[in-house]
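Q: Sequence lines, in order, name chains A and B.
Those letters in the first sequence? Residues 1 to 417, per my numbering, in order.
Those letters in the second sequence? Residues 1001 to 1417, per my numbering, in order.
Hints are computed from structural coordinates only; laboratory data are not their basis.
Be aware that a few hints might be false.
What the hints assert, rightly or not - Distance ranges between label pairs, derived from CB positions:
id : chain 1 : residue 1 : chain 2 : residue 2 : range
1  : A       : His133    : B       : Ala1345   : 38 to 44 Å
2  : A       : Ser63     : B       : Gly1093   : 32 to 38 Å
3  : A       : Gly329    : B       : Asn1274   : 23 to 29 Å
4  : A       : Asn50     : B       : Phe1090   : 29 to 35 Å
Ideal Cβ placement from N, Cα and C applies to all residues, glycine included.
Residue strings, one per chain:
Number of protein chains: 2
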Amino acid sequence: MYFCTMEAEIITIGDELLIGQTVDTNSAYLGQKLGSIGISISRKTAISDNESAILTAIAESQSRCNLLIITGGLGPTKDDITKKTLCTYFNCGIRRDNSVVEHLEKIFAQRGRQLLDTNLVQADLPQACETLHNEVGTAPGMWFHEKNQIVISLPGVPVEVYHLIEERVIPKLKSTLELPIVEHRTLVTLQKAESLLSRDLEKFEKSLPPALSLAYLPNFNMVKLRLSQKANSKQELIIDSYFDKLLSEIRDDVFCLGDKDPATHLAEFLIRENISFTTAESCTGGFVANRIMQTPGISSVFPGSIVCYANDVKISELGVDPQIIENHGAVSEPCALAMAKGVRAKFNTQLSIATTGVAGPNGGTEEKPVGLVFIAVSTDTQTICKKFRLFGNREQIIQRSSNAAIWMVKQVLSIPV
Amino acid sequence: MYFCTMEAEIITIGDELLIGQTVDTNSAYLGQKLGSIGISISRKTAISDNESAILTAIAESQSRCNLLIITGGLGPTKDDITKKTLCTYFNCGIRRDNSVVEHLEKIFAQRGRQLLDTNLVQADLPQACETLHNEVGTAPGMWFHEKNQIVISLPGVPVEVYHLIEERVIPKLKSTLELPIVEHRTLVTLQKAESLLSRDLEKFEKSLPPALSLAYLPNFNMVKLRLSQKANSKQELIIDSYFDKLLSEIRDDVFCLGDKDPATHLAEFLIRENISFTTAESCTGGFVANRIMQTPGISSVFPGSIVCYANDVKISELGVDPQIIENHGAVSEPCALAMAKGVRAKFNTQLSIATTGVAGPNGGTEEKPVGLVFIAVSTDTQTICKKFRLFGNREQIIQRSSNAAIWMVKQVLSIPV
């Protein structure tokens, strides 16, 4: 325990990030994980697979902070030069790590693939680093610790980053650094615009002491609110009383507590309460069910569901009366209600969700424009339908529809936050 | 036309990016779009909503290049300070832009919402900038042009970034700069590991002249290969002959040409050839259908589909013989074959895809471990099934299963690249 840092930087290496063929999800993950142990990221820099760009970026970062995490550039192909460059930076040669060779032999045997020379190169590491063993991939992580500076280099594949951070980096950082405390409390709202929330919370925000801050994180028709506090000791923490105050200001708009996908919160409730559910989806094409079924264990309450684009399928599979479609059209309240009732009866579940609308970009009319969506929710005791006018492109309308459906289920089942 | 740049930088502003509650998709999009007009991104920097961090990052960027695009920090809430900081940087005051006020009045009336003072603030812009009108949101973009330096500031909401870049920024850049040529040719492979592709392409890579480069972009069991050339004139372009050579080296592994989601390529083929399809999905929970239905116009060939988690549903909805499940289990080749045939008959389509497997994290056994997936594809003339051993977590197994299913359909229908 001989030095203390609160700030770190991330450098991501790869032309594919700059040219935009890969979206960088690693650094968001790193921000979350390091934040959870009291290390905040002050800067992220993305640069190309270019030796001088890498050397410059590392040196610049080391002049600003004493913890740097580098991701990417460790694959077996020619465009990956991070490792060579780290040898130059730390002025050292290469060593072959036999424990990595053994690991490579094992995983290639498991996958039934031949171990090539290009793969074996991954066991060659700079002499200046400690090896961070990678159980789920072929490229190990590297830990450089010189004077009071730590540089960590990780591969770019997300699942390998998760593994190395959780199993190797975080335990090692905790045992090396004396860390300050950063606490966050997050809640998720649905169906209310950021500017309206901000107006409702004006007084609350003004009441916050300097150590606390509130951030708005909007995403489709969902806004996450994150309250943060930095402190030197646990005794200084006052975040919970302010979080309670925040909650009491906007209680009716809160979907759930924590930094959670609303679909996960709903799925966990259905599993816990053993409430079976199904969906009949037209405009959302199965997206609502798909979001909910991402949660492990969902199969105990989810027998299956129907995607019903065609009117024939609405009639034959869900028992929608053809007269309803003739009189009101498939994008209508009576059709959504009939779909919800029909699918609940078909799969014999306690809850059902039905969607029918115009997701676009084609198929809109003056009477039924792109973005018009009817959503119905049905249980043993009630079947309700709401009409929505959603905006955005096809993907956004589908995403917003699924959030609206999840919000309706919360109302119908009175799901706690 | 008084200066020429090939390199640009991006600065993204927002604590939510550093703390990791938002994944930055904008800068990947910006990399693609600017690349398409011959501007390459040499660096992306993410910083917090902090005046001095913003001022420092802008000054540093301007010392390295003469085009800078800033995203984020333009929302109506208190944590957004980009605009004020730009006034400081460009040493100017604020002006109210009346055309923006009119636009705000119009869109708030359309959405049936009250125009608040916090919203009106979005019409206040630095005097030093030209307004980039934002038709799809409330925060306009800003264009600063001093000496031979351009700084563009855009809001952070992705749909607004897309609009402003396509309708405002790219036309304005094209008319202001003399741009070099950067050409890319991309192809998508499925089901072959990066290291095996790299071995097959070793000779080809060595044969590339210095102006050309090849990048590997792996994502689940898909690898995109991108060949790039920079040139001063169209006459210098030789990329197409090398791309043909690349194609001929690995023809059997290529799924499609261009930087495309394989699901989109499949969907476009089905729509163009008017081949109706459906799916019966157990372990993938509707994800295969959901990927394919993202393509506009799909409703003409996609009547609907079934998610069948429960064995009961496989039996009652798809007509799977209960004996099959009793003798072989639901995760088996006979069950996948019966599901594919059953769903094709039910929806009367020309093509069907069925999936059954163990997505995990629970439910695996020694005989049927997590990652074991059977995928069947059925047409009028044949029904085939393949067994896969996929690795990764639940999400990855679902993603890999969908890629494997799409690959199988290509084989069965002989879909051209």
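Q: Compare the structure with each hint and give your call.
A: Structure-based check of each hint:
Checked against the hint of 38 to 44 Å, the C-beta distance between His133/A and Ala1345/B comes to roughly 51 Å, which is inconsistent with it. Between Ser63/A and Gly1093/B the beta carbons are some 35 Å apart, a value that agrees with the proposed interval 32 to 38 Å. In this structure the supplied range 23 to 29 Å holds for Gly329/A paired with Asn1274/B, their Cβ-Cβ distance being about 25 Å. The hinted window of 29 to 35 Å between Asn50/A and Phe1090/B holds, with their beta carbons roughly 31 Å apart.
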